[in-house]
Amino acid sequence: MKSFSVVPRKMLPVMDKLSFIKPTWLSYSALILTIGAAGCYISGFSSPGMLLGAVFLLLVRLLLNILEEALVYHRGQLSMKEQMVIIVPDIFGDAVLMLGIGLSGFCRPIYVLLGLITIFMIEIAGILGKTIGVELQRQGPLGKKAGLILVLIFTLIQYFQPEAIFFGRRLMLLEWLLVVIFGIGQITVVNRLRGTFRQIFKLEWLNGEKYAEINAKILVVYDSQTGNTEKIAEEISHCLNSGVRKIEETVDLKVRDFDLVIIGSPNVNSAPSLKVRDFLKEHPDLRNYAVFITYGVPLWGWLSTRLCYSYFKKALKRKPLAVFSCKAYNPRFGLYRGRPNENDLLKGFLFGAEIAKLLKKCSKKAAKP
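Here the sequence shown stands for residues 15 to 383, numbered as in this note's numbering.
Simulated from the structure, these hints should not be mistaken for lab results. You can trust all of the hints, since none of them are fake.
Label pairs and their calculated CB-CB ranges: (1) Arg208 - Lys327: 27 to 33 Å; (2) Leu130 - Lys378: 49 to 55 Å; (3) Arg346 - Val194: 33 to 39 Å; (4) Phe211 - Gly157: 18 to 24 Å; (5) Asn255 - Trp314: 34 to 40 Å; (6) Leu117 - Asn255: 55 to 61 Å.
C-beta: ideal position from N, C-alpha, C; glycine also.
Sequences and hints are given; from them, build the entire structure.
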């Protein structure tokens, strides 16, 4: 499993000093805190002030989980055994928390059952892939931290406003919490299963050497200002078993001789980077091309990426064979930290596979009389 740093550079010295702490210690400490929080919920129905005790314990657990994640990323790759040792307390802790809420009197049994079913579905969907040889899937949106934040918010509202009416139904706030967890949980299950199937496709592609079926000369070129675009470029190249070069390293290449050039660039003010623009001016006669763009600003970054595609179309006077865009860490504003992550790189790999299929279709059309 690749490691993607979510630790700010200024925090690295702190992580070095805390490197003696094992993530498993934090995971089991978080479990103990969760058991305590469950006890607070059970007592909270008769003594509402105990809900604040549960909030405090869960806040401490959240901080431990954040520190655990930072240490895991800082240490790098974990063995499957280490991953499971960390995950098992999380699963058990979440189940205990649901039971604590259920036994508190705030929730009717059916809602507790929904919460428990959701937890086990999410975790089983995440672990399922390991049984068939793919990486552990831990996609969201209902991840560990997001789930805890939801519980904290609804618990505080429960303390100040015990009941609420939504869609004509009057329920305790913690009952609404379990309804929300169930709904978001189903999306999470689907995302994790999709991640597993994508990993299976990648393994089959590489093990079956499907790239050998590509009857075309391909080059991946890119400009990368922070290393994010480079990661995607390497993943596409890995899929297609093709050459990969930085833009400035293409001077000695006869780019026109390649059947397909895949060009990668960061989104710079709604256009490709200056180096990529110069490359397009120098090579207006590419046989065929595809484009991938990385962006680091929410919403506008995604929208303006379409303007980047238009720039390529105008510069080369034809549409690209395929396009792909990906979120990437923006160090200036601290946005999208940790991106591109494993899932983003997997999508980059699948983009390469999509290009291979399109090339095969093009060659079949060309072969027809």
